[in-house]
Amino acid sequence: MLKGHLDMIVLAALAGAPAHGYAVIQEIHRRSGGAFDLPEGTIYPALQRLEKAGLLSSRWTTAESGRRRRVYTLTRRGRLALADHRAVWQRFIEAVGGMFGHADHATARTDR
Amino acid sequence: MRQHEPIADYAGALTRQLGFDAALARRVRAEIEDHLFEAADELGGPSPDNQRSAIARFGDADELARHLLADCLLARAQRVGLLCALAVIGLFAAMEIRLAWYGFMRWESGATLQALSAVALPIDRYAFFVAIGFALAGFCHLATQRMPADLPSRHRRQLNCGLALCAAAVGALLAAVIVESVLTGIRLAAMPFSVAIVIPVLSLLAEIVMVAAVAFGIATTVQTTMAASALARR
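In order, the protein sequence lines correspond to chains E and Z.
Letter by letter, the first sequence follows residues 0 to 111 of numbering that gives the first Met the number 0.
Letter by letter, the second sequence follows residues 0 to 233 of numbering that gives the first Met the number 0.
Pulled out of the complex, with its shape left as it was, chain E reads as follows (with noise of 0.2 angstroms):
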């Protein structure tokens, strides 16, 4: 379900706020509603290929615990890839929802 998506999510879930691996699978299960139920460790070659494009930026710094603690923040090309994103994902759930508006219509004339 996710599969090709993951980048998108990854952008998504950083976009309140700068955060560490941990908290951005965290968001992105709470945000799903536990629907995106992915292996953890998923994410960190997404975190690291999204930096790499100019998508995210990252520092490390120290969590409560004393470890040291990588956080991410999504750039300015980041939060217009997400714009991107989110407009192309709206076209496509407007054009599915017209698809299946209208077999519902026909199925709806069928019956009768």
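Hints were generated in silico from the structure; no laboratory data involved.
Values in this document were obtained by computation on a predicted structure and should not be read as measured data.
Watch out, some of these pointers could steer you wrong.
Stated by the list, open to error - Under the rule of at most 20 angstroms between Cα atoms (straight-line distance), these lysine to any residue pairs were calculated in the SDA-like manner: (1) K51/E with A80/E; (2) K51/E with R145/Z; (3) K51/E with R28/Z.
Using the hints, position chain Z against chain E.
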């Protein structure tokens, strides 16, 4: 004692698999340890059972290494392709600068140098043309590649093909640099020592460094493809 540290074992295994890139391995290890300990803390504390549960949720170390390796391998190979193309341009510039300097300084060629140049310069020229061809082909081939995260052998073969083209370009460039070195050496040996020889010497050194840089890039990328092959076989 080791059996009580599942997170350290897991992170250690992953770090070993990413050994082809020490900086990446260090970074990934620190991030993943932080992630796993936080997950274990949320489960009630870093007991071995909670650590194992956190690892189970995190996923297979081999799978994660494959994803990271796929991105790294492609980026490295494409960098080698670009470096190879830039080396050809750099070598051309260095040769032109040297020739322009000879003209500017009005340095004449002696009889020995002229006789040797009659044989060596065509070799130099053709080697350079061959290098341009291979470097362009290698650069274009690598620039258009993709590497899926499951590291399929077909894609790895394509990368190897691009690297082989770059290696052929390096071989031809090396032939050109050797010829240039011999001719420059003979020319400079016949001259009294002066500051003016710094330009040809530096330009020649720049050529050698450029060829060595591409050769080093190819060697490290081949190491990475070997790591990828080993991971893909698991």
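Going through the hints against the structure:
Taking the CA atoms of K51/E and A80/E, the gap is near 14 angstroms; set against the 20 angstroms cutoff, the hint holds. Our distance criterion of 20 angstroms between C-alpha atoms is met by K51/E and R145/Z, whose separation comes to about 16 angstroms. Our distance criterion of 20 angstroms between C-alpha atoms is met by K51/E and R28/Z, whose separation comes to about 18 angstroms.
No hint from the list above goes unmet by this structure.
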